[in-house]
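J.: Residue numbers (our numbering), protein chains in the order written: chain A, 266 to 487; chain B, 68 to 330.
Derived by calculation from the structure, the hints in this document are not laboratory data. Beta carbons are placed, not taken as given, at the ideal position from N, Cα and C, and that holds for glycine. A hint or two may mislead.
As the list claims (entries may be wrong) - Computed beta-carbon distance windows for the label pairs:
| # | chain 1 | residue 1 | chain 2 | residue 2 | range |
| --- | --- | --- | --- | --- | --- |
| 1 | A | Ser441 | B | Leu272 | 35 to 41 Å |
| 2 | A | Ser473 | B | Val253 | 51 to 57 Å |
| 3 | A | Asp343 | B | Leu233 | 35 to 41 Å |
| 4 | B | Met276 | A | Ser285 | 17 to 23 Å |
| 5 | B | His259 | A | Leu289 | 51 to 57 Å |
| 6 | B | Met151 | A | Gly379 | 30 to 36 Å |
| 7 | B | Arg242 | A | Arg474 | 33 to 39 Å |
| 8 | B | Leu272 | A | Gly329 | 43 to 49 Å |
| 9 | B | Leu272 | A | Gly310 | 20 to 26 Å |
| 10 | B | Trp171 | A | Gly411 | 45 to 51 Å |
| 11 | A | Ala438 | B | His259 | 31 to 37 Å |
| 12 | A | Ser473 | B | His259 | 54 to 60 Å |
| 13 | B | Ser323 | A | Gln391 | 26 to 32 Å |
As the list claims (entries may be wrong) - Some residues of chain A that are not near chain B, with every Cβ distance over 10 Å (derived):
| # | residue |
| --- | --- |
| 14 | Val275 |
| 15 | Lys277 |
| 16 | Gln286 |
| 17 | Phe295 |
| 18 | Leu338 |
| 19 | Ser407 |
| 20 | Lys442 |
| 21 | Asp466 |
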Amino acid sequence: MTDIRTPLLVVKNLSHRFISQELLLDDLSFSIASGEKIALIGDNGAGKSTLLQLLVGLIPLQDGELIALDKKLLAERDFVEMRQFVGLVFQDPDDQLFCPSVLEDVMFGPLNQGLDLLAAEQKSLQILANLELTHLIHRMASDLSGGEKRLVTLATVLVMEPKILLLDEPTNALDSKAKQKLLAVLQSLDQAMLVISHDLDFLKQLTSRSLVLSERKLVSFI
Amino acid sequence: MSQEKAETMAISINAMFSGNHSSIQKIDPRARIICSFMFALAVVLSRDIAALLMALSCSLAMVYMARLPVLSTLKKMAAMDSFMLYLMVLLPFTVPGEVMVVVWGYEGSWQGLEQAIQITLKANAVVLMLFATVSIIPSSVLGSALSSLQVNMKLIQLLLFTMRYLTVIAQEYARLRRSMKARAFVMRFNWHSWKSIGYLIAMLLVRSMQRSQRIINCMKCRGFSGKYISYYPLQWQLKDTRYCLAMALFIMLIISINFVGGL
Ligand SMILES: Nc1ncnc2c1ncn2[C@@H]1O[C@H](COP(=O)(O)OP(=O)(O)OP(=O)(O)O)[C@@H](O)[C@H]1O
Ligand SMILES: [Mg+2]
């Protein structure tokens with residue numbers, strides 16, 4: 266069934282090596298179709314977070330090809346464009362939340378997309394309401410609990426309406442109740458997702474297939 | 068932006084002023100920033116003790132009106148004034164002039180004491196004024212206010228980022244300190260202690276650098292292209308003009324006392 270859907274993002278023969286280190290990723294190829302929810306599994310240090318950053322051009326591509334919406338990504342300009350529809354949620358929320366208040370942080374993305382203040386605010390309030398975070402809008406990000414920060418980072422990315430969500434260990438620092446809530450939210454979304462997690466139970470409930478990163482290579486499971 | 072919209076925004080801004088609903092907080096932040104800046108300038112340039120005493124009483128009145136928490140304000144002032152005490156003791160012996168006391172053959176001058184008192188009065192007046200008027204402005208509103216005062220955008224961003232990430236760095240510091248303590252580290256006056264503290268500071272710098280790289284990456288992912296848009300519309304009202312006029316009159320009074328030479 267996945268074959269009929271158009272691929273949003275295609276990765277071809279991607280390899281990566283950090284300076285003066287051994288080869289980390291060796292000849293990876295895979296694609297993400299629209300609406301597809303994929304798990305990315307692998308040991309600590311296997312290169313999962315590195316792969317996500319390569320996909321959105323935060324680490325320069327050394328070897329291989331990236332094609333997004335049928336367009337080959339070459340220069341930084343192409344990546345700037347593609348980041349409009351690929352949302353990355355980082356491993357550490359403190360890296361992502363930098364505005365004085367939660368509302369402003371969520372508004373940051375839409376404003377960059379060219380929305381005016383009013384539209385950006387309304388959209389942000391809507392997303393925050395969907396995630397039941399309305400009571401936090403005027404709080405400072407640094408005062409939030411780990412779990413609250415997680416959900417807010419998700420809001421900052423969802424508000425930009427990405428076609429693909431890249432989530433780096435979204436269940437980190439969440440208790441089981443918060444995890445259930447996150448799971449419900451993610452299940453209700455139509456977007457394609459690539460989810461890194463060590464929580465196999467969570468992945469089983471959310472995703473339809475898995476990519477396993479092991480000894481530099483990528484193996485695919487349905 | 069419509070009037071109605073501006074009002075709902077104003078309400079939400081007010082909600083942010085959690086804990087402070089004083090009359091000072093209702094004055095437009097821009098008015099407070101400009102007036103406090105002019106006030107500080109006038110105070111710093113004043114030499115007349117009577118003028119400085121007047122300025123200090125004005126600051127105290129503002130602190131009262133701003134309904135600052137007494138205890139924590141006193142604590143902060145005590146930290147500064149303990150340093151001022153030190154000045155009071157030292158300055159008489161370093162400034163030449165009419166002899167006030169002689170200690171172990173060193174002469175302390177009246178002029179030195181006068182200078183120390185001046186500095187103390189100035190510092191207290193300026194800092195209290197800033198506490199009462201500027202420090203209660205939430206950082207996001209401060210950003211908007213500064214940008215509408217045509218302050219350079221890069222400077223504003225730097226200020227806001229510093230405010231946000233100082234707490235993160237402080238938390239990081241606390242975490243590192245805790246992990247040192249957990250491994251039985253006790254600060255002593257020896258080589259091992261100093262070396263460990265050195266590592267701690269170096270680690271803090273490394274982590275801050277790595278973090279700043281990650282932050283800019285996150286911002287890029289959300290479409291950041293070098294322009295940070297600030298919001299929270301501010302509305303200048305009649306009471307803000309009144310506040311500015313009153314402050315301007317008071318500042319002129321302080322300046323003129325200096326020329327008349329005391330009351
Ligand atoms: N900027 C960098 N420079 C050099 N080496 C790096 C850099 N970033 C990551 N590495 C190394 O690359 C390897 C993979 O790191 P990465 O963060 O991608 O792992 P991961 O699969 O996300 O692990 P985890 O499950 O622990 O998050 C690690 O050995 C790490 O030390
Ligand atoms: Mg990782």
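J.: Now look at each hint and say whether the structure bears it out.
T.: Here is what the structure says about each hint:
1. A/Ser441 to B/Leu272: 35 to 41 Å: holds (38 Å)
2. A/Ser473 to B/Val253: 51 to 57 Å: holds (55 Å)
3. A/Asp343 to B/Leu233: 35 to 41 Å: holds (36 Å)
4. B/Met276 to A/Ser285: 17 to 23 Å: Taking Cβ atoms as reference, B/Met276 and A/Ser285 lie about 19 Å apart, which means the hint holds.
5. B/His259 to A/Leu289: 51 to 57 Å: With a Cβ separation near 37 Å, B/His259 and A/Leu289 fall outside 51 to 57 Å, so the hint is violated.
6. B/Met151 to A/Gly379: 30 to 36 Å: violated (52 Å)
7. B/Arg242 to A/Arg474: 33 to 39 Å: Holds - the Cβ-Cβ distance for B/Arg242 and A/Arg474, about 38 Å, lies within 33 to 39 Å.
8. B/Leu272 to A/Gly329: 43 to 49 Å: Check failed, 35 Å falls outside 43 to 49 Å.
9. B/Leu272 to A/Gly310: 20 to 26 Å: Because 24 Å falls inside the window, the suggested range holds.
10. B/Trp171 to A/Gly411: 45 to 51 Å: violated (59 Å)
11. A/Ala438 to B/His259: 31 to 37 Å: holds (34 Å)
12. A/Ser473 to B/His259: 54 to 60 Å: Given range 54 to 60 Å: holds, Cβ gap about 56 Å.
13. B/Ser323 to A/Gln391: 26 to 32 Å: Violated - the Cβ-Cβ distance for B/Ser323 and A/Gln391, about 57 Å, lies outside 26 to 32 Å.
14. Val275: holds (20 Å)
15. Lys277: holds (22 Å)
16. Gln286: holds (17 Å)
17. Phe295: Answer for A/Phe295: holds, closest chain B Cβ roughly 21 Å.
18. Leu338: holds (14 Å)
19. Ser407: violated (4 Å)
20. Lys442: For A/Lys442, whose nearest Cβ neighbour in chain B is about 25 Å away, the distance exceeds 10 Å, so it holds.
21. Asp466: holds (28 Å)
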